[in-house]
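**Q** For chain A, the structure is supplied; the task is to place chain B on it using the hints.
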Amino acid sequence: MKPTLTNDIQLSKYNPLPRILSFDDFDEGAHGWCELVGNHNGDLNELQPVFSDMRPPQLSTCTFFDLGTHGSMNGTYSLKLATRPRQFHQAVGIKRLTSPTNGRGQVETWFTYKAEQTFGPNASEIRAWDGNYHPSEAQFGSFTIWNDICEGPEPGQRYMCALRYENTNEAGDFTQRWMYKTALHPTTRMLQGGTPSTQNDVHVARTDQWEPVPGGNQQLCFNEVPTKVNWHYLRWQFDLASRQNIELQVNDLTLDLAGVPVLPTDEGYWGISRLLNFCFDVRTTSNVRNFLYLDSVLISVDW
Amino acid sequence: MRHFFTAVIEKNATFEDDFTTEPYECAWASEARWFIQVADLDGKAELEARVQVSPDGLFWCDHGAGFPTISGTGLYTLPLRDFGGWLRLNCSLSGQNPRARVMIYLVLKE
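Chains as they are written, first to last, in my numbering: chain A, 1 to 303; chain B, 304 to 413.
One chain only, chain A, in its complex shape (with noise of 0.2 angstroms):
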């Protein structure tokens, strides 16, 4: 039986499964989302350079030099990733959970997303401003929602799914699509034992490691300038019983997912059993500050 609390505004905005494990709404604090870091000794040095800098969380109040404060879905605050103003640079969102059991989960969330307002001409401005358009959509690159889940320590047993949202490729040109990855993602031993690595993806080893989702092309609504932001539907379920993707909504798009695969990694890991752990994270593209902003979050299971 789903919960069906139609008189709460807060979550008759969402279909969840009937357990709720999270409602996250970020008026009301960070609820356990953090920034994630790398694995370490102590000593940061260690920290794997695709992992050593991927950003607090923030409280925004979509605040913009134009119309002043924009506000998030219901209230004021949402909870923003921002990177660095520099290309490729990534910032990760975490919140940490572990799983009784093996059943289907479920993440939904009401977000939008952002390139910093810019001054003046610069590269992407090949599309001029034109009332319309506006240049500033092609200096966002990615967000994505992904798990990291491991039932127990014996090899095979940790696997990770990732969906992502390529607004521009590594080029900057626009590609509008969901995206899933064919490469496990390089874990910090993986790294440590010598896995060659870019590193400017935390997903992948090699940033051509991802395939378009089939039917997965969707424009979503930018609204044309920095500054103006519209809140999009977002619900994306998986199993942990057949270790599958099972679909992905985002507004008016449903995904079949079931085809997509879901790579375990060959080793065993150490002390992680019945790890379940959820992330968001945006990477830009450009050399500007790129933004994805959650409303709010629920998590729910069928158990």
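Hints listed in this document are in silico derivations from the structure and should not be mistaken for laboratory results. Nothing here was measured: the structure is a model prediction, and the numbers come from that model. All the pointers check out, no bait thrown in.
Think about it this way: if two alpha-carbon atoms lie no more than 16 angstroms apart in a straight line, the pair counts; the simulated EDC-like pairs of lysine to aspartate or glutamate are: (1) A:Lys95 with A:Glu35; (2) A:Lys228 with A:Asp66; (3) B:Lys314 with A:Glu35; (4) B:Lys412 with B:Glu334; (5) B:Lys347 with B:Asp320; (6) B:Lys412 with A:Glu28; (7) B:Lys314 with A:Glu46; (8) B:Lys412 with A:Asp27; (9) A:Lys95 with A:Asp25; (10) A:Lys95 with A:Asp148; (11) A:Lys228 with B:Asp359; (12) A:Lys95 with A:Asp24; (13) B:Lys314 with A:Asp43; (14) A:Lys13 with A:Asp25; (15) A:Lys13 with A:Asp252; (16) B:Lys412 with B:Asp385; (17) B:Lys314 with B:Asp343; (18) B:Lys347 with B:Glu319.
**A** Then chain B, alone, in the frame of chain A:
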């Protein structure tokens, strides 16, 4: 319970020139405290760190508060109120071939 959040603004970062920290949104908090942990400070360097505020995260001016000149390793702190919606530090390094390795924390409470 009061709300609280510690943001690691710079993590084991090495600077050899002047720098500003990334903009950080803090509208929800009425009190803040900066910490600078100086792990290395080479070249007879001195670090000046001044607080800056902003209406929009784009344009910045001095708040008026700042750390006393830092000329050695150690942990330094600065309390702050009345800072609006954004905070950053504007830092300058002086000395011969100065080099500083630092952790910078922003502690927010409401």
